[in-house]
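Protein chains: 2
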Amino acid sequence: MTIEEKIRMTARCLKALAHPTRLQIVAVLADKEMSVQQMTQSLNLSQSSMSQHLNLLKDRNALHSRREGSQVFYRVRDKKILKLIDLMHEIFGSPKR
Amino acid sequence: MTIEEKIRMTARCLKALAHPTRLQIVAVLADKEMSVQQMTQSLNLSQSSMSQHLNLLKDRNALHSRREGSQVFYRVRDKKILKLIDLMHEIFGSPKR
DNA sequence: TTCACCAATCGTCTTATTTTAATATGAGTC
DNA sequence: GACTCATATTAAAATAAGACGATTGGTGAA
Numbered sequence: 055m056t057i058e059e060k061i062r063m064t065a066r067c068l069k070a071l072a073h074p075t076r077l078q079i080v081a082v083l084a085d086k087e088m089s090v091q092q093m094t095q096s097l098n099l100s101q102s103s104m105s106q107h108l109n110l111l112k113d114r115n116a117l118h119s120r121r122e123g124s125q126v127f128y129r130v131r132d133k134k135i136l137k138l139i140d141l142m143h144e145i146f147g148s149p150k151r
Numbered sequence: 055m056t057i058e059e060k061i062r063m064t065a066r067c068l069k070a071l072a073h074p075t076r077l078q079i080v081a082v083l084a085d086k087e088m089s090v091q092q093m094t095q096s097l098n099l100s101q102s103s104m105s106q107h108l109n110l111l112k113d114r115n116a117l118h119s120r121r122e123g124s125q126v127f128y129r130v131r132d133k134k135i136l137k138l139i140d141l142m143h144e145i146f147g148s149p150k151r
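Protein chains in written order, with my numbering: chain A, 55 to 151; chain B, 55 to 151.
Worth flagging that the hints you see were computed from the coordinates, not collected in a lab.
A portion of the hints provided could be inaccurate.
[Claimed, not checked] Cut-off 27 angstroms, straight-line C-alpha distance, at most; resulting in silico cross-link-like pairs (DSSO-like, lysine-lysine):
1) A:Lys69 with B:Lys86
2) A:Lys69 with B:Lys133
3) B:Lys137 with A:Lys112
4) A:Lys69 with A:Lys133
5) B:Lys137 with A:Lys133
6) A:Lys133 with B:Lys134
7) A:Lys133 with B:Lys133
8) B:Lys60 with B:Lys112
All chains, full assembly: derive it from the sequences and hints.
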């Protein structure tokens, strides 16, 4: 993997987290797994949108999914992601405007 | 600041880093400051684009700038940002595809 | 197999982001 | 002031991302 590829890759993954809804998803999944419909309700978003966000996060290796019957449960794949978000708050904690 | 605002704020700052060019900028500025033209050359980008990316990063508190005569030098405002990027690599290091 | 339920995908509309070219500002020199 | 070089700003066009309804797919129950 060239350095350019690595950079594109990292940007791609950052982008996955760089959306309010997806940050909320990760926050909600911080300590438990949830089904798509549970999240659809609790974050008040259409099922379609929710599914797309979840799929994106999964594709970028942020989430893991598990099917149980007709439901699909998602959870955070790596707790380090939560650490990353904390670090974000720490760095950009005091808003400029 | 409500929790929703905090989340929007964090997403906003993550978005600032979630672009290949801006990641490169931060990487290049990791250990030194550089003028706009130096970066324009070394990253092979138009002056206008570079200026806009730099301004975005500055607006999000990621960079700091200093004018010296007709030139403007940029540097990373907070070394923690570099830590953040390292953590990114660590988490998303092994690409899925 | 048919139905009901949950999730994923598709098509489209809307909105946001990025790039480019053109123009403007600002500093230093003559 | 006029001129040059370095940055910044603006406006337009190109591209990417997001939302939502409708459709499709998969699962289990009757």
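Looking back at the hints listed earlier, which ones does the structure fail to meet?
Violated hints: none at all, because every hint is consistent with the structure.
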